[in-house]
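Student: Each chain is listed here by its residues.
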Amino acid sequence: MKTSQLKAVLFSLSVMAAAIAPNLANAHESGPRALGSGAGATDVYPISCFDDGNGDASYLTVAVQDLAPVASPTVSIQIFKDGFANSGSDLVDGDAGTSPAIKLKRGNGTYYVMVNKSRGGAENYQFDYHCMTATGLHTGTTESLIYKQNQ
Amino acid sequence: MALFASQKMTTINFFLWAWFYGWANLSLANSSPGFFEMTADLNAKGWQLQAKQLSLPQILERLADKAKISIHYSAVSEQLINIDCGSEDLAGLVKCAAGDSADLMFRYGQSTTHPSEIWLIGKGDTTAVVTSSPDKPIIVKDKSVESRASVTKKDSAKNPEENLLVLAKSPDPEVRADAIAKLSLSGTASDAPIKKILADALQDDNPRVREQAIAKLANDASYQATEQLHSALQDSNASVRLMAVDAAGNNTQLLQQALTDSDETVRLLATNKLQQLTKTTTNK
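Protein sequence lines, in the order shown, are assigned to chains A and B. Read in the numbering used here, the first sequence has 125 at position 125, and its numbers run on one by one without any break. Read in the numbering used here, the second sequence has 256 at position 256, and its numbers run on one by one without any break.
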């Protein structure tokens with residue numbers, strides 16, 4: 001194969017990869033959920049990270065989006081594992097933006113993600129979640145979320 | 001003469017003073033507070049109570065003050081006692097202090113481990129109830145306390161699920177809702193006792209209790225809750241309808257029904273979920 005042909009093939013492959021990658025990045029989304037009216041409403045999700053062939057997980061990253069309608073409570077998200085935690089909030093309700101992506105670096109295993117809000121009043125939300133390797137590759141992540149709700 | 005008189009007065013004064021001093025000490029001894037010490041080791045999740053030469057009412061008053069709760073007691077003995085109690089929660093501590101001398105009832109607010117109010121009914125005639133709280137103690141005559149004498153004794157150390165089933169019948173709707181929510185974390189909706197509790201909770205007067213019941217049923221893989229979800233979507237309270245939509249999963253019929261809900265939050269959640277389902281179907 002000539003160099004120019006090889007370059008063309010490589011270029012095509014990179015374009016295809018760029019087209020696929022956003023889909024992979026968006027592959028794990030909680031789906032719209034509701035936090036009920038109670039001020040203490042909390043949804044809890046166990047999320048497992050594992051080596052799916054891309055390598056051991058280094059960290060879990062999540063970001064929450066406070067969905068319309070616009071309401072006064074602020075929606076927040078926390079990750080817990082092995083006695084460590086991180087948290088973030090979506091400060092603007094009802095827009096396309098999310099909270100800053102937060103991550104917790106605790107390797108393979110089950111992380112617990114909690115979504116809650118700052119005060120009473122129903123809120124809708126969704127969140128993204130991805131298990132990543134130390135080199136930034138997406139790796140094994142729970143596909144189907146089972147959540148526990150405690151209001 | 002004057003000197004003798006002076007000496008006599010000094011002697012009299014001495015005896016008067018000695019008598020007063022002795023009386024004062026005797027009085028202080030009779031009203032001595034005894035010994036009371038109560039600690040809570042939050043790290044070890046334990047409570048300790050030691051008391052010597054105090055009556056149960058005196059112990060309860062100090063305990064109420066320390067723990068910042070209200071304790072009502074009636075017909076309990078005034079006998080001085082010594083106690084040394086340890087328990088993982090406040091309710092257990094009070095039970096230990098009361099021993100077999102009284103029946104107890106606990107009221108829980110937001111916390112299911114720390115009671116906000118306690119009643120002790122001595123195993124004798126009930127003619128008055130004394131309330132001890134961080135505020136001034138008051139005495140009220142309340143015959144109706146007798147009817148509560150046999151109510152629930154809580155033992156948080158044994159079988160948490162059984163405890164939740166009891167709390168799910170509490171007269172306090174917040175306690176009922178909390179218990180139903182915690183049932184989500186233990187047992188399944190197909191277990192007969194839980195199934196009965198949840199069936200009752202779906203008809204509860206309080207919308208928060210109904211919310212929790214529908215959330216539990218709909219998210220329990222062992223239970224088919226389609227019929228209950230459709231009923232919940234007709235609920236008068238928007239939060240209950242929201243929970244029904246939240247738990248609808250892939251039920252597009254239910255989600256489409258919710259598109260015409262009177263509440264904006266319910267409509268938007270249904271819209272978002274349908275969009276998500278459409279996106280998922282398209283990506284396959």
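Be a bit skeptical, because a hint or two may be false.
Claimed, not checked - Just the calculated beta-carbon pair ranges, DEER-fashion:
#, chain 1, residue 1, chain 2, residue 2, range
1, A, G55, B, K279, 27 to 37 angstroms
2, A, G55, B, S116, 43 to 53 angstroms
3, B, S116, A, D82, 58 to 68 angstroms
4, B, N250, A, S87, 28 to 38 angstroms
5, A, F50, B, N82, 52 to 62 angstroms
6, A, K103, B, Q53, 36 to 46 angstroms
7, B, P193, A, G136, 24 to 34 angstroms
8, B, E174, A, D52, 21 to 31 angstroms
9, B, D172, A, G136, 44 to 54 angstroms
10, A, G83, B, P193, 31 to 41 angstroms
11, A, T110, B, H114, 25 to 35 angstroms
The hints are simulated quantities; they were obtained by calculation from the structure and are not laboratory data. By construction, the Cβ of each residue, glycine as well, lies at the ideal position given by its N, Cα and C atoms.
Student: If a hint holds in the structure, say so; if it does not, say that too.
Tutor: Hints and how they fare:
Checked against the hint of 27 to 37 angstroms, the pair G55(A) and K279(B) passes, with Cβ atoms roughly 29 angstroms apart. Take G55(A) and S116(B): their Cβ atoms lie about 51 angstroms apart, and the range 43 to 53 angstroms holds. S116(B) and D82(A) have their C-beta atoms about 34 angstroms apart, which leaves the hinted 58 to 68 angstroms range violated. In this structure the supplied range 28 to 38 angstroms holds for N250(B) paired with S87(A), their Cβ-Cβ distance being about 31 angstroms.
At about 58 angstroms, the CB distance of F50(A) to N82(B) agrees with the hint of 52 to 62 angstroms. For the hinted restraint 36 to 46 angstroms between K103(A) and Q53(B), the CB-CB distance of approximately 59 angstroms leaves it violated. Hint check: P193(B) to G136(A), Cβ distance near 50 angstroms, so the stated range 24 to 34 angstroms is violated. Taking 21 to 31 angstroms as the suggested C-beta distance range, the pair E174(B) and D52(A) does not conform, at roughly 44 angstroms.
Against the hinted window of 44 to 54 angstroms, the Cβ-Cβ separation of D172(B) and G136(A) comes to about 51 angstroms, which satisfies the hint. The hinted range of 31 to 41 angstroms is satisfied by G83(A) and P193(B), whose Cβ atoms lie roughly 35 angstroms apart. A C-beta distance of roughly 30 angstroms is found between T110(A) and H114(B), which places it inside the suggested range of 25 to 35 angstroms.
Of the numbered hints listed earlier, those contradicted by the structure are 3, 6, 7 and 8.
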